[in-house]
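Protein sequence lines, in the order shown, are assigned to chains Y and G.
Under our numbering, the residue at position 186 of the first sequence is numbered 186, and the numbers go up by one with no gaps.
Quick note: to get our numbering, add 1000 to the position in the second sequence (first position is 1).
Take these hints with a grain of salt, some might be off.
Taking lysine-lysine and the DSSO-like style, the derived pairs with C-alpha atoms no more than 30 Å apart in a straight line are [claimed, not checked]:
| # | chain 1 | residue 1 | chain 2 | residue 2 |
| --- | --- | --- | --- | --- |
| 1 | G | K1140 | G | K1006 |
| 2 | Y | K166 | G | K1032 |
| 3 | Y | K95 | G | K1196 |
| 4 | Y | K166 | G | K1088 |
| 5 | G | K1006 | Y | K95 |
| 6 | G | K1196 | G | K1132 |
| 7 | G | K1032 | Y | K95 |
| 8 | G | K1018 | Y | K182 |
| 9 | G | K1023 | Y | K182 |
| 10 | G | K1132 | Y | K166 |
| 11 | Y | K166 | G | K1196 |
| 12 | G | K1079 | Y | K182 |
| 13 | Y | K166 | G | K1006 |
| 14 | G | K1088 | G | K1023 |
| 15 | Y | K166 | G | K1131 |
| 16 | G | K1079 | G | K1132 |
| 17 | G | K1132 | Y | K182 |
| 18 | Y | K182 | G | K1131 |
| 19 | Y | K127 | G | K1196 |
| 20 | Y | K127 | G | K1131 |
| 21 | G | K1242 | Y | K166 |
| 22 | G | K1131 | Y | K95 |
These stretches of chain G come out as covered by chain Y in the derived footprint (C-beta under 8 Å, 3 or more residues) [stated by the list, open to error]:
| # | segment |
| --- | --- |
| 23 | 1052-1058 |
| 24 | 1093-1101 |
| 25 | 1110-1120 |
| 26 | 1176-1188 |
Among the chain Y residues that face chain G by a calculated CB cut under 10 Å, a handful are [said to hold, decoys possible]:
| # | residue |
| --- | --- |
| 27 | R103 |
| 28 | N107 |
| 29 | T175 |
| 30 | R246 |
For the record, the hints were derived by calculation from the structure and aren't laboratory data.
As the structure is a prediction and not an experimental result, all values here were calculated from the model.
We put the CB at the ideal spot given by N, CA and C, even for glycine.
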Amino acid sequence: MIHRSDISQAIGFLLLGACIAFALFFLGTILYFILVRGAPAISWEFLTSEPRRAMTQGGVAPAIVGTFYLTVGAVFFSLPLGLACAIYLCEYSPKTVLVNIIRLSINNLAGVPSIVFGLFGFAVFVKAFGFGVSILSGSLTLGIMALPGIISASQEAILAVPQSHKEASLALGATHWQTIAKVILPSAFPGILTGVILNIGRVAGETAPILFTAATFYTRGYPDSVFSEVMALPYHIYALMTEGTRPEIQTQIAYGCSLILLGLVLAISALAIVLRERQRRIHGS
Amino acid sequence: MDRDVKISARNVNFYYGKTQALKDISIDIFQKKVTALIGPSGCGKSTFIRLLNRMNDLIPGARVEGRILMDGADINHPKTDVVSLRRKVGMVFQNPNPFPKSIFDNLAYGLRIGGVRDRGFIERKVVDSLKKAALYEDVKDRLHDSALMLSGGQQQRLCIARCLVVEPEVILFDEPAASLDPISTRKIEELVLELKEEYTIVIVTHNMQQAARVSDYTAFMYLGRLIEYGDTERIFTVPREKMTEEYLSGRFG
């Protein structure tokens, strides 16, 4: 005998399954499209040599290196700052209106359009601080853009540490700081790490924040200091598609760059997962 | 010197914001004896022992009045160092709360935060404390495995061992067996009886039989007041207060 509830359950599952299939379809299509269009451009030369003949030949190695520097720089600035903010907000801040406004502001910062971050970076780092169009300015801008996400993820990770662990530590005569450093942060570390890497992965592919602060269409050779301007993959794609004289060849190279960028971001996410799982095993939870 | 007073509370009131949780509590807790606090849920017994190591400091808006003296010194005095107070007054919580670290690191924690660096000393203290907590035989081959791999009862004994490492003078037990099975509960009770040779023990419990089995003195609390306090045997056989008698005979609570 078939009950009405069985039928409605079957319909429910079917609808949910259809939604998932729909979402996966687009993800699959994007990956397939980029792979098919991009793969022919990829070669050892493409990955390791500099562009030649106004971008129509040679490789994109300086752009890969540039994106790497910008990403590492962004982590360097945003991790300590974001972690410190999260610790302060979770552990030290008094419960006042001002602190609530700070929390709200951080959440809103996450919604600021990336081009606005770019303009801010240009006004402050490039001009006011005089860092010029450089790796330093670009890293700082990307770092600030990653900051709200890193703060939120770190806060969540810190608040997920059971109160009972904190009490156990304090009851043994640990100071508040010892409790944070030796009990709370080690437990929260996998979550913090995941948050940092995912947010960095997100900003690594951004074009707008580095448009005025770090990126350039072409450099001779590789950057030699933090004050050098750099080529970067996202901007390189933009440049290939909007400038130059050989659109059909440039478009192919742009797909190649897209594939590398996509691979890079996915690799960063995979790294986050591996590190998190390893930490979980060590901490046995 | 059978009945030295270790902790003495005088006219203690305690408030969570505007709610008064403890009303005019005065009690003497004797050295190297087991004192049980019994009473129905919400009577303030847990709140009271959390005053003895100032764990209630963590609660925003909490306020204490009256005096609590340990060895004659006021533990709420502004000059009292809360860190050294908590090293003298250890605590075992209701739910076992080992850190997500190895068994060894759980025990070494209390020493390391106290600035002990001598590895040999740490190892000796860890083994000693595990033996005292009757856990050493269970875990001696896997000291570096995660403490979370242990059973609930073993985890609770680990928490007791962790508390012993820093050589407290007083140990507070906040319903230590509430989440454990009968066999583990029995082991914890046996341990409490052994530990009173060396430590002053205050135990909060829901379980009246447990109070009768392990304690020398029993305090009955109700709605934030201390109703009756005395020798456990006397309280359980000839309670003076009608309310105590009703609670012990299971008429409420």
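Practice task
Verify the coverage statement for the segment 1110-1120 of chain G against chain Y, using a C-beta to C-beta distance below 8 Å and requiring 3 or more qualifying residues.
Solution key: holds (count 4)
Practice task
Verify the proposed pairing of K1132 (chain G) with K166 (chain Y), using a straight-line Cα cut of 30 Å.
Solution key: 25 Å, holds
Practice task
Given the hint that K1196 (chain G) pairs with K1132 (chain G), test it: the Cα-Cα distance must not exceed 30 Å.
Solution key: Holds: K1196 (chain G) and K1132 (chain G) sit about 12 Å apart, inside 30 Å.
Exercise for the section: Decide if the proposed pair is consistent with the structure: K127 (chain Y) and K1196 (chain G), CA atoms, cutoff 30 Å inclusive. Expected result: 71 Å, violated
Problem - Pair hint K1079 (chain G) and K1132 (chain G), alpha-carbon separation not exceeding 30 Å - result: Measuring from Cα to Cα gives roughly 33 Å; hence the hint is violated.
Exercise for the section: Take the C-alpha atoms of K182 (chain Y) and K1131 (chain G), compute the straight-line distance between them, and say whether it is at most 30 Å. Expected result: Between K182 (chain Y) and K1131 (chain G) the Cα gap is close to 26 Å, so the pair holds against 30 Å.
Handout entry: Pair hint outcome, K166 (chain Y) versus K1006 (chain G) [Cα-Cα no greater than 30 Å]
Key = 27 Å, holds
Practice task
Report holds or violated for the interface hint on R103 (chain Y), using the least CB-CB distance to chain G and a cut-off of 10 Å.
Solution key: 17 Å, violated
Handout entry: Restraint check, 10 Å cut-off on beta carbons, for R246 (chain Y) near chain G
Key = 58 Å, violated
Exercise for the section: Would you check the hint for K166 (chain Y) and K1196 (chain G), treating anything up to 30 Å between C-alpha atoms as holding? Expected result: OK: K166 (chain Y) and K1196 (chain G) at ~27 Å, within 30 Å.
Practice task
Given the hint that K166 (chain Y) pairs with K1032 (chain G), test it: the Cα-Cα distance must not exceed 30 Å.
Solution key: 28 Å, holds
Problem - Annotated coverage of the segment 1052-1058 of chain G by chain Y, confirmed only when three residues or more have a Cβ within 8 Å - result: Satisfied; 3 residues make the cut.
In this structure, the hints that do not hold are numbers 1, 3, 5, 7, 8, 9, 16, 19, 20, 21, 22, 26, 27, 28, 30, in rising order.
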